[in-house]
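**Q** The lines below spell out each chain.
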Amino acid sequence: MKIPDYSRKFKDKNKAATLTTGQKNFLRRQKLQKLYIFWSRILLFVVFIMLWQVSSDLGWIDRFYFSSPIAIAQLFWYDIKDMSLLNHIGITLLESGISFLLIIILSMLMATFFWFYPSLGELFEPFLIVLNSLPKSALAPLIIVWLGTGPRTIILCGISVGIFGCILNLYQSFAQTDPERLKLIETLGGTKLQAFTKVVFPGNIPTFISLSKVNIGLALVGVIIGEFLAGRRGLGYLIIYGSQVFKLDMVILSIVILCIIAMGIYGLLNLLEKKMEQSD
Amino acid sequence: MSQNLHKKPFLRLDHVNFSYYSNLGEVKVLNDINFLIEKGVFAALVGPSGCGKSTVLSLIANLLKPVSGFITFYSEDFNAPRVGYMLQHDHLLEWRTVYQNITLGLEIQKRKTAENLELVDSLLEKYHLSNVKNQKPSALSGGMRQRIALIRTLAIRPDLLLLDEPFSALDYQTRLNVSKDVHDIIKSEQKTAILVTHDISEAISMADIIFVLTKSPCTVKDIIPIEFEANGIERDNIRKSSLFQEYFDKIWREMQNENTGL
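Quick mapping for you: the protein sequence lines, in order, are chains A and B.
Per our numbering: the first sequence = residues 38 to 317.
Per our numbering: the second sequence = residues -17 to 244.
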């Protein structure tokens, strides 16, 4: 019996290709384009900061309402020294982190449950759609009445923004698993639990990562809403307090810190995604 | 319609009927299916698309229950036979390596014993796939993937192999090569197999016996033993032989009559 040796063909495919001049030029152009975009972004940011500072110094904008980069940096330095700002940042990050983890864990549990019992999934789907469409800030006053002010209310606000959409998306993604793959498990004598652990769950890890990317941001949004309404600490509280006492430097500083946190989270998630791709 | 019983019987379908229900009422898929397959025989079910060929396999694999009739396995040790099922697509899981894909069935059946893993290694070695066993399936060609799917099915040591149009997703040339490989592998492992296909040439070149099925509701129209070896024709030359053409014409006519309602 003669079976062709495919493995040799496969090994040949893996040989490192030598680069031609055309390829080298193409790669160089691609690298230059990336560098150009990166430095242009930095330049745009620096120009914006300088324009803001100059406008404030020359009185083109009202310093009381719009503050200035130097005033914000000074306030940052002052608040960092007495640890109060770090405390507020830490609280917001902790509450967002807990909300995010709870969104992910609860969504995973619910979506798994609905996959095992599709008629329950069908039963709950319209309710989840309504709850997902509801502006979550409308729920916040009710949560305050139920739970009072404090971290519990803020975390619940953080959860409420993302959880319904996350359950729906995850469940729909589980339900869209190729039925032929489930049949494969069945033909190998597998149970429904094995179909879940061997096919449905691992097959949905990319969806899970993209949902995590969306929901970490949504948890932050929910926590800030919660801190607006029921916080005594945290960046949301600083924004509301600052606006009430007209300390707009404080408000803008808090917003800038939120931007930095969002950027940090985005970078962290991209790093995580790359690590996971590499491990594949 | 009788079959020669010169080998041990392995599987028998007696008056098997199957229907499903939709908004439009009862749809009868199988109508009084009867056949016998002997041990070590490679059988093919040929019929028009959508006639219910795959339903027969699902019933044999116990994925569906017949509305009436009996499916009997002749077992020497009174154990239920182990059935290996090869689907239309390879369905290799892209997050698992080739080796992990092959051992999926053993993992599910909790039979990852040293003996079974030795079989996996020997199959990989025998069919020149050892070098790719730690690769992810996305890096492999369609032909290789389908051979890996076959080894995954063989790894569970099935008594019966069910092949549900396993080559239909491949291009023609790969299909010819892979179908020959799969035939040779199944024969050398001495397995009983049932192939479902609508490709008449594929059925003739692979099977020892062909069951021609009618359009839905499906029933067995004819049973054609394929006898190249008895006529002194070697496997490598069967496609060039006049007997191949004879078988082809006979099955073609029967399927044409089926389509035109004659």
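FYI, nobody ran anything at the bench for these hints, they're computed from the structure.
Keep in mind that the hints are not guaranteed to be accurate.
As the list claims (entries may be wrong) - Stretch by stretch, here's where chain A covers chain B in the computed footprint (C-beta under 8 Å, at least three residues): (1) 45 to 59; (2) 201 to 215.
As the list claims (entries may be wrong) - Some chain B residues well away from chain A (every beta-carbon gap over 12 Å; in silico): (3) L39; (4) L74; (5) R78; (6) L99; (7) A131; (8) R134; (9) T135; (10) D153; (11) S224; (12) L225; (13) W234; (14) Q238.
Even glycine gets a Cβ: it sits at the ideal position worked out from N, Cα and C.
**Q** For each hint, tell me whether it holds in the structure or not.
**A** Here's how the hints hold up against the structure:
no. : hint       : result
1   : 45 to 59   : violated (count 1)
2   : 201 to 215 : violated (count 0)
3   : L39        : violated, 10 Å
4   : L74        : violated, 10 Å
5   : R78        : violated, 8 Å
6   : L99        : holds, 16 Å
7   : A131       : violated, 9 Å
8   : R134       : violated, 8 Å
9   : T135       : violated, 8 Å
10  : D153       : holds, 15 Å
11  : S224       : holds, 25 Å
12  : L225       : holds, 22 Å
13  : W234       : holds, 30 Å
14  : Q238       : holds, 31 Å
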